[in-house]
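Participant: What follows is each chain in one-letter form.
Protein chains: 2
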Amino acid sequence: MSYGHWGKALRVNLTTREITTETLSDKFLRRYLGGWGFIAYYLLKELPPRIDPLGPENKLIYATGPLTGQRVAGGGRHMIGAKSPLTGAFSGSEAGGFFGAELKRAGWDVIVIEGVSDSPVYLWIHDDQVELRPAEHLWGLPTADVEERIREELGDKRIRVSQCGPAGEKLVLISNIMHDATRAAGRTGLGAVMGSKKLKAVAVRGTQQPPVADPERLRELARWFREHYKETFSAAYSELGTVRMVRVNQGLGGLPTRNFQQGQFEHFEKIAVEAQKEITIRRDTCYGCPIRCKWVVQVDDPDRPVDPRYGGPEYETVAAMGSLCGVDDIRAIAYAGQLCNAYGLDSIGTGVSIAFAMECFERGLIGPEDTGGVELRFGNADAVITMVEQIAKREGFGEVLSGGSRRAAERIGGEALQYAVQIKGQEVAMHDPRVKYGHGLGIAVSPTGADHMHSVHDYTYGTEGGIDDLRPLDIFDPLPFDDISIAKARLVRYVMMWRVTYNLTGVCYFQAWTPEQIRDLVAATTGWNTSILEIWLAGERAYDMARVFNAREGFGPEDDKLPPRLFEALPEGPVAGKVYTQDQFLKARQAFYEMMGWDPQTAAPTRAKLEDLDIAWVADLLEKA
Amino acid sequence: MSYGHWGKALRVNLTTREITTETLSDKFLRRYLGGWGFIAYYLLKELPPRIDPLGPENKLIYATGPLTGQRVAGGGRHMIGAKSPLTGAFSGSEAGGFFGAELKRAGWDVIVIEGVSDSPVYLWIHDDQVELRPAEHLWGLPTADVEERIREELGDKRIRVSQCGPAGEKLVLISNIMHDATRAAGRTGLGAVMGSKKLKAVAVRGTQQPPVADPERLRELARWFREHYKETFSAAYSELGTVRMVRVNQGLGGLPTRNFQQGQFEHFEKIAVEAQKEITIRRDTCYGCPIRCKWVVQVDDPDRPVDPRYGGPEYETVAAMGSLCGVDDIRAIAYAGQLCNAYGLDSIGTGVSIAFAMECFERGLIGPEDTGGVELRFGNADAVITMVEQIAKREGFGEVLSGGSRRAAERIGGEALQYAVQIKGQEVAMHDPRVKYGHGLGIAVSPTGADHMHSVHDYTYGTEGGIDDLRPLDIFDPLPFDDISIAKARLVRYVMMWRVTYNLTGVCYFQAWTPEQIRDLVAATTGWNTSILEIWLAGERAYDMARVFNAREGFGPEDDKLPPRLFEALPEGPVAGKVYTQDQFLKARQAFYEMMGWDPQTAAPTRAKLEDLDIAWVADLLEKA
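In order, the protein sequences belong to chains Z and V. So for the first sequence, our numbering puts the first residue at 1; every next one is plus one. So for the second sequence, our numbering puts the first residue at 1; every next one is plus one.
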């Protein structure tokens, strides 16, 4: 037995219904650490290249990190991965809540789900009792109902459920996997992978505290956080939730508005903190976390009742369904967000796809004859809600949008593609690279497509925005937001690699743990004599493995690009008229590639780089492909 | 003012006699850290390529690290550098003792000495009172006498002296710079640089404790070491001194014997710990260090009196003058070692050059007619002593050997070069790569020529030799000594880079500080929120800068080679008959280059690597050259 990890993976074959247990060696655990690292390992080892992401050969991997399930702030996170049906690339998406901790407490570090069931099933894990159970009766139900039904039928209210919603069942490519009906592993279309396997849900109940090498040290760290987080940037999340970003980004000039045509939303006050406060009934939190960043909302409108079982819209949802669609009605936004959670839709992918359609509509590329009469105009909250429903059900124009904005643009044709604000087929989140140049580079090169979870927002938050949410290792000079020099590329490289380690360790990055504390947390938990250097290298290893996965699938430099919209200057606000050029971007990207030890021709890590990371087997795989 | 460093450099122009003070910015201090980092910075910035190392354009740089002069074990070290007259490459050689601490306590982090004096002078630094004083009366005197004379004439017994001996005055290329008459900055011929400048000595007296950010934490760490070092590998140095390595290397099968023709010395017991104990009168130590690894010897032989003012022979001297020359008389070895210290000769370079000559003599490449009648046969202790004297004075056959074994071989001609066990013109130290393959790779690529101070001896000390003297960051699998795979190349890369950081920080690597503690020491001293990652990157930065210095001087892959002897199998002992091939070596070297981010064509860091280390200016320099 290890500390921190259990050293145990569960393998479930849905085709054969075989359920087996595998041992994870100490070496494996230490080298790949958790989360994305584990996922990349399994995907590279077990998926042949060029498989159909919605076919039986794809695998769905649940992975925890050493801190998942530990009694410490941030220990509530887990990660899910597969080959993405949305991007065709590496997929890894993380979620908070309670599911990850429960899975870990059931004695598992990893679940590998393979094959396809011939009828809907759900996986029930009660410590080491594991079974597949029929799920016909759950198929098509909204997520909160599924959760209640499973708890009821298994007779345990403390069961935690990870599930695809109806959208995933219908193979919507911007679907997600929901947890606690409120926390999404949101990006890269994982709900469709789960749906394609006819796996309705994973229900888990764990009763074992994961083993810890130095419990006293871990308690000390947990205590430190409880006593001090209010003196850190975590305080802002605690006080204002994620929706605080509405005002922050508006202030910077980059609140994504009307499909990224603008960076200033004239009605931003109506979707900002104060507005959301009016419908908030309580705050919620994730396993072990004192921050309580989540705001639970309720609206008693009989037409659009907002049910607190679905939590409340986070910043990404508020901006994607709000300013990005020109909508200023927080209640309508909350309702649209709730639909996403109930159907299992990625609210970012959904909001951006709808905003894209609105722009196409306003520009006359599509009309009411295409949309079934829906007036897809910016500001039309009813249209947003209708579209969310239609996307989830793949009905009407929703069918067109259900594959995300890139596929929709290809179907619409003409100039539509230039309005699709996506990278590798995945929609850009609510952080505009035109105010945060580093973020642009980060999302362009991300193996998972436009992904704000590891792509540095901008280091200069620390100095300009007043919010140090990047724990920048204290080894960089502050650089202005609009710097796109090699120094910025370097900063993006280092901060992104560090960001990935949050995923590997199982820690949420809203917690103001310093790198030293992350190291201490991992050391206390695992008993390893570890270092920031080792953890950092694990992050780089995972990232590079994901890039190799993509290279094997045919991705190259031509896929690491930004959509045309992000090279258009914003018309107003603090950054009006300013934008980086393609040349500047490409130069920074080239520097990034080379600093990463990637071959600029293939945009994949060189053999030497992989050898340096002690994963020559990954280089062998790539050369074979 | 900074913490840890003073932020002050002293610049002394010997030609103009101008003495100026320069401010070192916080950014400079943090990026280059100290020691080798500072030296590489100054040499790259200030030396034009291809200068004569013994001409006025060369500069002699003294550099401290943040821990130099702090009240903590290991804080006694400083570093001296220049363009090496022995190798024509980057030179950096470190020394222990008290001089470095005294220099730091005088308020200086760095001294840059430039130009050439028209008559012998010495530099007298008393805190911020700095002057050049005449040194005609010291010229030609042995080092211990010079030290006494300086203390006398300045009226302060606590003055510390760094000096070239008579050998340096005579531009012997295997000369060194001596401190306290007992501690050498031994390698790369720095004594000749000092001699060429007619700078006899640097005398220093400092009365200021360097500023520390967190004195309590530093005291705690110092206390930890005093209380615990006996539980670490430092205990072995404390108990047995460095001479313990005689038995260790004999046991491994690689005690360099008869010019590396053998790895087993049949009389090793006569030069091992017990033998040295018989002539040892007390133990000595360096600034702040409780280990007391130094053994002071005395022999009252009227013909060869061994004077305790010169300390005693360390392992390197014992093996180089002893087994390597086939000499088993510890008293003769102690006397030869004393001559080295008195004349300012590098005992490694001297011993290996003499052993080389002995092999040439025995093989008939030279004869008594060349050596002035000296019977240069293995085992002839008298011949060794005679040769040491002659080398120091550049008299007789000593003139031939005074440029080191490579130059001597070129003069002798024929097959002689294949018996010269040197790399880049510098002699291999007393660690045979045929029992420690990683060491072979390390000394081949070292920018300073064969240099055991940063080239990993072998990680597997930790598992096989029982001596963990490498603090291997705990991120490597143990590998057998005779592994020369890519994994070993990677291990060499990581451990070497970490080794270089000891030099930068000013810490001696006989102290069993863990990487975490080194980080804590630097953090407590400087107040920086630093990390192993940052310190590690500083080490890599310094190493790469040294490689760029060499590339600019025309060094390439063809210079990163091992001498032919080290590809010949050892005839007896544990590794008899086993040896790596050129092919294996070249393959490991290639992997090392690529993992380091060096262009295999030039063996210099790529622009991207230098950008990654945030020193694009170094790439600019290289491209200009």
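Just so you know, the hints here were simulated from the structure itself, not pulled from any lab data. Mixed in with the good hints, there may be bad ones.
Note that identical chains are pooled: a pair holds if it fits in a single copy or bridges any two copies.
Subject to a maximum C-alpha distance of 20 Å in a straight line, what follows is the list of computed DMTMM-like cross-link-like pairs (lysine to aspartate or glutamate) [as the list claims (entries may be wrong)]: (1) K587 / D482; (2) K270 / D301; (3) K270 / E148; (4) K561 / E410; (5) K578 / D370.
Participant: Please write out, lowest number first, the hints stated earlier that are contradicted by the structure.
Facilitator: 3 and 5
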